[in-house]
Amino acid sequence: MAENSGTDPSVDANVDKNAAQDGTMIVVTVKTPKDKEEIVISEDSSVAQFKQEISKRFKATQEQLVLIFAGKILKDGDTLNQHGIKDGLTVHLVIKTAHKSTAGSASPTTSSGAATPQASSSSRTSPAAASSTGGGAGVTPAQPANILSGLGDLSALSGLGMGSSNFMELQQQMQRQLMSNPEMLSQIMENPLVQNMMSNPDLMRQMFVGNPQMQQLMERNPEISHMLNNPELMRQTMELARNPAMMQEMMRNQDRALSNLESIPGGYNALRRMYTDIQEPMFSAAREQFGNNPFSALGSNADSSGAQPSRTENREPLPNPWGPPATSASENRATGTSTSSTSTGGTAPNLSNPLGINAMGLGNGVFSSPGMQSLMQQLTENPQLMQNIMSAPYMRSAVQSMAQNPDLASQVSPGSTPSQQQQQFMQQMLQMFVGGEPPSQTPEVRFHQQLDQLNAMGFINREANLQALIATGGDINAAIERLLGSQPS
Amino acid sequence: MFKVPRNFRLLEELEEGQKGVGDGTVSWGLEDDEDMTLTRWTGMIIGPARTNYENRIYSLKVECGPKYPEAPPTVRFVTKISMNGINNSNGTVDSRSIPILSKWQNSYSIKIVLQELRRLMTSKENMKLPQPPEGQTYSN
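These protein sequence lines map, in sequence, to chains A and B. Using the UniProt record's numbering, read the first sequence as starting at 1 and increasing by one per residue. Using the UniProt record's numbering, read the second sequence as starting at 1 and increasing by one per residue.
Note that these hints are calculated values from the structure, not bench results. Quick reminder that beta carbons are idealized off the backbone N, C-alpha and C, glycines included. Keep in mind that a hint or two might mislead.
Below, computed lysine-lysine pairings styled on DSSO-like, alpha-carbon distance capped at 27 Å [said to hold, decoys possible]:
no.: 1; chain 1: A; residue 1: K72; chain 2: B; residue 2: K67
no.: 2; chain 1: A; residue 1: K34; chain 2: B; residue 2: K124
no.: 3; chain 1: A; residue 1: K75; chain 2: B; residue 2: K61
no.: 4; chain 1: B; residue 1: K111; chain 2: A; residue 2: K86
no.: 5; chain 1: A; residue 1: K86; chain 2: B; residue 2: K128
no.: 6; chain 1: B; residue 1: K111; chain 2: B; residue 2: K3
no.: 7; chain 1: A; residue 1: K86; chain 2: A; residue 2: K56
no.: 8; chain 1: B; residue 1: K128; chain 2: A; residue 2: K34
no.: 9; chain 1: A; residue 1: K34; chain 2: B; residue 2: K111
no.: 10; chain 1: A; residue 1: K72; chain 2: A; residue 2: K56
If you want a taste of the chain A side facing chain B, the calculated C-beta under 8 Å gives, among others [stated by the list, open to error]:
no.: 11; residue: T29
no.: 12; residue: K31
no.: 13; residue: T32
no.: 14; residue: V66
no.: 15; residue: A70
no.: 16; residue: K72
no.: 17; residue: G84
no.: 18; residue: L89
no.: 19; residue: T90
no.: 20; residue: H92
no.: 21; residue: V94
no.: 22; residue: K96
Okay, chain B solo, but in the shape it has when bound (with noise of 0.2 Å):
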């Protein structure tokens, strides 16, 4: 199996989340543009319609670490959400609740684990779950 370098993959990742592919409801990018190791990314979900979560605007910490992508990357919400698999107190997202992040395949990107989320967001379990008010934080 032909396993790409990790910065290959991470600059292509950058350039996709800067062209916008995909529909809109997601975005990434590095979190600091002079980061060379391309470790640390910034994420955002657009909540998807007829949930609770509609119209608000999530952000989120996505860290690849050495081994991405052979390795799932650690995501943390730092908008305060209320979801399934996600911790209440910090926002980290258990990469055990999340199926992608449980059985990580390394060619999953930074943009599906976000859309994954999303989709999450739709499900009967988490979308009536009432949400904290808009533009909280978590401290950390």
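Pulled out of the complex, with its shape left as it was, chain A reads as follows (with noise of 0.2 Å):
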């Protein structure tokens, strides 16, 4: 046995970093569920020791460690002769990820460091989220950033200073505290296991099913629940929310469609429908939860005009995004949950988005740089394309909740160059959607394009569209509807 030492040229790589160790060298297998190693090491060693050098090889902390060999748990401080641990044997280990060791149950929440607790406390709340959510809906506890919070080992939280007993409160303290603080945002989102947990469709499905909204938002739209019923089509939605970069494309492509569809003659109708019916309540179930919905007064409003859906013209209920209605801004990018992220991108459901998941919404701090980044170029670069976009409910939160917070905005590019960019843009954007449209331009020249287009669909009566236009603040559907209620169709 004895003759294991540096024969390997391997080995002897390795013997120079373990140059603090006498002895022989040992080659253990490292084996986890997912993975296996093989690490050389000391036969003195002390497990401590044995978990730094896998705690490199594994990239995770020593503290995530566990290691089990013949069906013990190695403490730190025992050594590997100690469990006849030899050269060739192997040992499992368990990489605890956003959980707590075995030892020790509620308290140790506070005690580790910043981004941790956060993490752990949220994977605190899943096993909460297990028991309570959804009576029964069972998810799995190792859930960590489970906004669907709720009861159960509400000790760990009272140690966070989370008292309260009321899930529904909890639940918004959770997103309160993650709104608050983007960096522990983008952290669970980095978090492999949030990653895992939205790759598995089931468990998206029981969570959505879980809120009582959404069940509310089921019954009164069946769709919904065919489309959760649907793997497919959720494994699609979780791709997306999970991919922001593909997110992105899609709601671009998403964007363009539904401009287009916006331009067919009743399609705006169609559209409007789908806003009503789908996110409208979505948006009001949300609401309870989350403050003011700025939508409300536009879908009302659109209703009570009738004929006369001037979406963009009416600033009333945004009278400044980025202003006081902080909560309901940045509540309404609270991410993670089903809800909460659909109803807060306020991205509208489409077909290839079914609830509406707003990645922006859900990764806000750390997904979506390069993707929104050439987004945004896009959008600079073609005023027109912005206003389609404006004009697209949806993106109004979207740019509300960046513009609420320019941080949030600046580490949507993270790192990177344009930060300044980012920052002046973000300006540029604020004022054209404070004014609605580019100031200080004749509305002839600010309309051209909008003109030509409505030339183009044979609204040859240049005066009229005009009028039209400025009335609807340059969206073309309106100015259009506007046209065709003064002739008679």
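Assembly of the complex is requested from the two constituent chains, each provided in isolation within its own frame, with the hints serving as guidance.
This is the structure:
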């Protein structure tokens, strides 16, 4: 057995690293449920030293490692010898991600470092979610960042100062915390467990179903429950939600498709219908938690004005998106949950994005940088596109939330140079938003693109077109409606 | 039928336990390395994913009596667990409710018992059972 020392070149290389240890080197296989690595270590070393090696190889911290050999958990203070770990034997490894080790149950959440208690608190909430969510929808306990918090193990939460036992409150608190701390958010999103969870459609489905508002929604719109029940679709949605670039792509396509839809006479109505049927209830549902729904006014205005769906024009509900209603906007960005993500992104549920999951809502801090950037660039270059986009309500809230937190916006391009531009751009957007359209230009100039379009469509009365455009603030479709309304059809 | 002597079997299982045969989700070994009778074993089950047992490590005690492998071992959970067939107050595994214990064959082994218990964790009736907080053990 002693002959195993230093014969392999690899062992020699490692021997340098392990220079502190004497004794023969042994090769121990470390096996996780997913992985297997061979670690060379001195046979006299302690479990702690062994863990050090392992943490390097597996890229986990030592606290996360739990080693098992022959049915026993290896404690840091033990030595490999003690357990009879010899060359060629296998040790099992469990990497505890976002979970405390099996020692200690309720309290130590507060003890670990900055982000981990957040993560583990969310993981704490998830066993709660397991027991309480949707009455037995039974989410597995290991879901971190599960915003569908619930009861159960509140002792851990109270350690964090969240002593409330009402899980609605808890949920809100969680979300607020997350909102106020985008780093935490990004960390949570980066957590592979989250991603795992999100890649599990069954789980997501359970989460959705578990939320009472969703249930309400589902009752009203059976399509949603169909969608939920269709695993293919779920998986796709999950993919989207997880992959921000893809999401952006998808959204852009959707935007284009939607704007095409809008330009079909009558198509606008369909859109509006879609919005009212699906989005509104979601908004209202989320509203209870999140405060006023800036779009409800829009919706009701549209309804009351009948044939005048003057969405862009009506600026009332958006007094100053970057102003006081911080809570609604910021909480609109709440992530992770189904309903919150659906309503907040405000992304209209559409065919390929059934729940309107807004990845921007989901992964603001970390995700969506390249996609967003290019999107932004496109937007700046093409104000027309911007207009079209603005006219879609869902884009609104996304932009709102982006602008709500300029830090977030700059986070959107993490560490990259265009942060300056981003800031600038945000300013511009802000202007545009509040102003509604690029200021200090004559209506004709402003709308000349729309005028052209209207012309092409066959509205030859330039005057009337212009009037309509001015009245609707550049919204072509509204203008068309206006024009059609004034003409005998 | 060729009957393998008890100690041979157990030594074999010991070796397997140390070599980590299997997929790494269960582990077993002698509780006490000096135990010449090879009776008391400790086992470990890593909770399967997508169940309420996920990411938890369950510690068990397995006792292979003198009649092993003709007679099944007695198994007891040390870590608290909520699962069908496991006594809630002391963690003993009810041999009548766990199929491979009730229909024991001498070709079965500790590994198989542990793997079977793990598999049962994924069953519909067990996977969603609310679990006690992590890290609790039965007092005996």
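Each hint, compared with the structure:
1. A:K72 x B:K67: 25 Å, holds
2. A:K34 x B:K124: 23 Å, holds
3. A:K75 x B:K61: Holds, at roughly 18 Å.
4. B:K111 x A:K86: Holds, at about 21 Å.
5. A:K86 x B:K128: 39 Å, violated
6. B:K111 x B:K3: Roughly 19 Å between the alpha carbons, so the hint for K111 of chain B and K3 of chain B holds.
7. A:K86 x A:K56: With Cα atoms ~21 Å apart, K86 of chain A and K56 of chain A stay inside 27 Å; holds.
8. B:K128 x A:K34: At roughly 23 Å apart (the allowed maximum being 27 Å), K34 of chain A and K128 of chain B satisfy the hint.
9. A:K34 x B:K111: It holds: about 19 Å lies between the C-alpha atoms, which stays within 27 Å.
10. A:K72 x A:K56: Given pair K72 of chain A, K56 of chain A holds - Cα atoms ~23 Å apart, limit 27 Å.
11. T29: 7 Å, holds
12. K31: Status holds, d = 4 Å.
13. T32: 6 Å, holds
14. V66: 6 Å, holds
15. A70: Where the cut-off is 8 Å and the nearest Cβ of chain B is about 2 Å from A70 of chain A, the hint holds.
16. K72: 5 Å, holds
17. G84: 6 Å, holds
18. L89: 5 Å, holds
19. T90: 3 Å, holds
20. H92: 5 Å, holds
21. V94: 6 Å, holds
22. K96: Because about 7 Å separates K96 of chain A from the closest Cβ in chain B, which is inside the 8 Å limit, the hint holds.
Of the numbered hints listed earlier, the single one contradicted by the structure is hint 5.
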